[in-house]
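Once you've looked at the hints, go ahead and assemble the two chains, each given alone in its own frame, into the complex.
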Amino acid sequence: MDGLHMVGIEHAYGNTNVLNNVSLTVPAGELVCLLGPSGCGKTTLLRIAGGMEKLQAGTVTIDEEIVAEPGHQLPPEDRKIGYMFQDYALFPHLTIIDNVTFGLFRMDKAEAVKRAMEMLDLVGMAQHAAKHPHMLSGGQQQRIALARALAPKPRLVLLDEPFSGLDTNMRAKIREETLMILKHTNVATMMVTHDPEEAMFMADRIKVMGDNGKVLQSGRPADIYYKPVDEYVARLFGPMNHIDGIVHNGAIGSSFGDIKTDDAENGQAVRLLIRPEGVVLHDGKGTDGGTPVDVVSAHLLGDSSIVRCSLREGANKGAEFQVRIAGAFDAAAMGQVHAHVDPRHTFVYPHDKQ
Amino acid sequence: MVEITRSFEIEVDIIDDDHRRLVDSINEIIQALNNEQFELCAQLVPDFVDLSKQHFRREESLLAKYDYPQTDNHIKHHASLDDKMETMLALATKVADSPPAAEALRKELIFFMMDDIINEDMDFKSFMVNATAGKA
Ligand SMILES: [Fe+2]
Ligand SMILES: [Fe+2]
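Residue numbers (the numbering used here), protein chains in the order written: chain A, 1 to 354; chain B, 355 to 490.
Only chain B is shown next, with the shape it has when bound in the complex (with noise of 0.2 Å):
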């Protein structure tokens, strides 16, 4: 099971609500993946696309917002991720099938979320906790 602790968390509560909403999203694939409830999982991996990309939506526009000097930087490393999102879907529809793929889907979950979604966003935790205290 994946879980945000502390040491995962930006300190800006909307934006680790979505990251919370998401990793909850993940522990339901890969529970899906374990109980080897494949069908489920098929339609899990959709969902979990679609939130991803409103939260990117909902981060850029409060990066925006608070005038964050590196916001377009930002933007572009979300939008580099829509091939890994494109791989995800692929691989979701291979699980049943493959039991790599199951695999390869279960790891490129975990990756995606701490690495290529928290861990960038850390990028803009100071400037974002101290532009949003006492604000939000």
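With the rest of the complex left out, here is chain A (with noise of 0.2 Å):
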């Protein structure tokens, strides 16, 4: 099957296991993300599928060509990959067009050139053909880099926190013209990233590794974000609210009322977590009228605000959590403040009490 198969890749610097036996695969046309904090082996398992990393054990295969396996390495010229990374890594005493051309060296020039000029029209960058990487923004040679990257056809792009040196609004642009261009290509991606936003937005599969360089759990960025395995992933995208309690039929009592969980057995510790968006704050004019709660603060971020509340009566009164909604939080539209809990962004593991 075309696209990037990795099998059983163990790695250890020294005494230290970075990878654990971890195997993935690409399909072609598909954009896989690794997500997960510096250390967890990400950047090692890439290194390893495009050569700069000698293999140790296991075999990476690239549309059914075995490219590395105990004792037999191809080196990273011959594996028909394109990189993208961080630093975008052109060359600044050559030309736009040199830079894209520098790849395309099996080709006989007047060829080379003219697909060169076909990348650079891809990305939008076609009338900089003749400048210098320093006469670009940082953007626009993220768009070279890209051009650069696809124009020997590759059969693989690795990206390596490609969009980590932009700032935001740059960062978001090219990101969505980088993932257009690469559907487009038809060609299997890797990503590594260490944010979780960037791998939701890119990925048709996320592959979440922790720090003992094992994959704690692939999905789609769907199943990362909603059902996620346990509290550390549920925890990569951002705060949490929990609670500690012990389940009674089927149930985990909370100032929120009993939410119901299937995840555990009665009698059995958990903890619930619940996301900052999945507590919905409202007037308590409803049928159900919620829990009411005093707000201790608003900021507002732009699209949303998180509001800090703590609960107003009962046995854990005084305990304060955070809200996420959506726009500006109106204290004066809103009176007395109440709260309810969206099951669908709770979550129950076990969780044993130190």
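Since the hints were derived computationally from the structure, they do not count as laboratory data.
A quick note: this is a predicted structure, and the numbers were derived from the prediction, not measured.
Don't take each hint at face value.
[Stated by the list, open to error] Straight line, CA to CA, 30 Å or less: simulated DSBU-like cross-link-like pairs of lysine-lysine:
no.	chain 1	residue 1	chain 2	residue 2
1	B	461	B	419
2	A	114	A	183
3	B	430	A	260
4	B	479	A	80
5	B	430	A	183
6	A	114	A	54
7	A	214	B	461
8	B	448	A	153
9	A	183	B	461
So this is what it looks like as structure tokens:
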């Protein structure tokens, strides 16, 4: 099957294992994201695929050609891979067109220039062909890097934190363009990032990696967000409210009422996590009155706000929690504030009390 | 089309045969999606899910029979795929009305097969190849 296939990859630096029997597949036309903290082995895995790191155990296959197995390593330049890294590493002394033709040394000159111009056109940079890199913005340079990566018609594209050098607005724009172009070229792409939002945006499939060099969860972005396998994966997407408790009659008692769970047995000690967007604030006038709360603070972030609340009554009176709401928080319109929990944003995991 | 080429083989015949059957089933579904035979697709996905579950049970008893030390973990992994199978069943009912659902189903089938089923089985490949050598 076309694409990248890595099987049983193990890797150690000295006595430290950084990859622990990892296997993954990136079919042609799909983008797989390795998401994890620095040191989780994701970059090592990418470098093994690219041939920049010597394989220690396992096999790497690209379009059904074995490019690495113990005792056999195809050099990086023979693997037909395009790269795009954080520091786009364009050659400063070469023009844009020469930067893009650089990897096309196997073609004759005229053909290489034609191909390079096609690629510059694809990324909307054809008019800058004669310029030097320093004359372009960071975003433009990243587009050139993409054109250069795709020019040799790679079988695989490797992206290593490709947008982290760009400012927020430019990052959103360039990653959208990059994704569109990668999909258009139908190439297999493996991307490494520590940014969950970036992974969600780009990936057909995310593989979350933990500190131990193991894959913790693989799935669609929606699986990772709505069905995280454990507390670690759930917390990747930002702060969480949590309630520790014991399951009774298939539910966990909380100040927001009983929250049903199928994920734990009666009598089990669990931790209930609630995303800030999983708490809904309202005026308490609906059929479900909700839990009365006091607003401690509200911060507008742009298209959403973080509202800190505390419980107004009950056994946990004064306990604080975070709420994320769309738009600005309007205290005057809300009057007496009540809260309830949307079960789609709650997760229950076994919890051993320390 | 999805295919099981050499690098996807576990090299245990019973398992590889099962995986091939599952891949055949996926290819039928993808074919139906490509031909916009959405009703057929809606019928085929539950069959694929049944076939997957049968395969998991067969594989689990094989691992247990040869005392694979991580059998329990692998059973847990299979159990963790229930949600994904539910998702595929739900998507299959939506393909007629929703091109994004059809595309999501196609992607999910391929990743489910290659990554969740086959790649996870790579964990026991060398153990089972040794264990079954000459005994199959
Ligand atoms: Fe299997
Ligand atoms: Fe399996």
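Against the structure, the hints:
no.	hint	verdict
1	B:461 with B:419	violated, 34 Å
2	A:114 with A:183	holds, 22 Å
3	B:430 with A:260	holds, 23 Å
4	B:479 with A:80	holds, 29 Å
5	B:430 with A:183	violated, 34 Å
6	A:114 with A:54	violated, 35 Å
7	A:214 with B:461	holds, 23 Å
8	B:448 with A:153	violated, 36 Å
9	A:183 with B:461	holds, 13 Å
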